[in-house]
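Working from the sequences, and respecting the hints, build out all of it.
Chain order of the listed sequences is A and B. The first sequence begins at 1 in my numbering and counts up one residue at a time. The second sequence begins at 1 in my numbering and counts up one residue at a time.
A hint or two may mislead.
[Claimed, not checked] Calculated lysine-lysine pairs in the DSS-like style (CA-CA distance at most 27 Å, straight line):
1. B/105 - A/44
2. B/69 - B/105
3. B/102 - A/9
4. A/44 - B/102
5. B/69 - A/44
6. B/3 - A/44
7. B/3 - B/102
8. B/3 - A/57
9. A/9 - B/69
[As the list claims (entries may be wrong)] Listed next, the stretches of chain A that the computed footprint assigns to chain B, with coverage defined by at least 3 CB atoms under 8 Å from CB atoms of chain B:
10. 40-53
11. 101-111
It should be emphasised that the hints constitute simulated quantities derived from the structure, not laboratory data. We treat Cβ as the ideally placed atom computed from N, Cα and C, and that holds for glycine.
Residue-level listing of the chains:
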Amino acid sequence: NAGVTQTPKFRILKIGQSMTLQCTQDMNHNYMYWYRQDPGMGLKLIYYSVGAGITDKGEVPNGYNVSRSTTEDFPLRLELAAPSQTSVYFCASSYSQTVPGEQFFGPGTRLTVL
Amino acid sequence: DAKTTQPTSMDCAEGRAANLPCNHSTISGNEYVYWYRQIHSQGPQYIIHGLKNNETNEMASLIITEDRKSSTLILPHATLRDTAVYYCIVSGAGSYQLTFGKGTKLSVIP
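Spelled out as structure tokens, the structure:
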């Protein structure tokens, strides 16, 4: 299993541009998550999904959108990029409804908005 | 979810046990204690979790006090590859949100 994969690894955007961060998992996990990590800080939850067609906001959803059309994929869309969205973005997945905190993380996407 | 308190940094000699403490004095009865680590520039890695009992897996042991107000993650024989930031997280059963604080930066020294 490849686990959780993310593309691209790095990206530089100009202010106002848009992009989609891709996330795929091959473990057949129902639950998927997007986090961001600012320099020197812990991770903050942006959005999560409990299954195909179901998404919900996390702690910091403003400026982002998500969709979940399949079990495997959970893309994160940035509209009108701003410098405040410069961060490392991690996608994660989990399988347990009782203990969803056991999450498997991807390698991250490093995004810079200039 | 309950708040956790961890030391900012710790050192450990290679080959010795690394004991990482965490305080979670406001933990409630259905909240789990999770431990993750993040090696520089990589995604966080799940280590272990527990509710009331002590737990052990191939990576580490988790000791939870009887009153559940604190816990200790034990890496029995630390290696240089264990140098990382270790996060202690408390989260309710069925809760999808993990709140990562700043964690403890563990440096394993040759």
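So, going through the hints one by one against the coordinates:
1. Between the alpha carbons of residue 105 of chain B and residue 44 of chain A the distance comes to roughly 19 Å, so the proposed pair stays at or under 27 Å and holds.
2. At roughly 22 Å between alpha-carbon atoms, residue 69 of chain B and residue 105 of chain B fall within 27 Å of each other, so this suggested pair holds.
3. The suggested pairing of residue 102 of chain B with residue 9 of chain A holds, with an alpha-carbon distance near 23 Å, which does not exceed 27 Å.
4. Between residue 44 of chain A and residue 102 of chain B the CA atoms are separated by roughly 11 Å; this keeps the pair inside 27 Å, and the hint holds.
5. Using a Cα cut-off of 27 Å, the hinted pair residue 69 of chain B and residue 44 of chain A holds, with the two alpha carbons roughly 24 Å apart.
6. For the hint pairing residue 3 of chain B with residue 44 of chain A, the CA-to-CA distance comes to about 15 Å; that is within 27 Å, so the pair holds.
7. Distance restraint check for residue 3 of chain B and residue 102 of chain B: the Cα-Cα separation of roughly 12 Å lies within the 27 Å cut-off, and the hinted pair is therefore satisfied.
8. The suggested pairing of residue 3 of chain B with residue 57 of chain A holds, with an alpha-carbon distance near 21 Å, which does not exceed 27 Å.
9. In summary, the hint linking residue 9 of chain A to residue 69 of chain B is not supported, as the alpha carbons are separated by about 39 Å, beyond the 27 Å threshold.
10. By the rule of at least three residues with a Cβ nearer than 8 Å to a Cβ of chain B, the coverage given for the region 40-53 of chain A holds, with 8 such residues.
11. Coverage of the region 101-111 of chain A by chain B holds in this model, with 8 residues showing a Cβ closer than 8 Å to a Cβ of that chain against a need of three.
Hint check: a violation occurs at hint 9 only; the rest are consistent with the structure.
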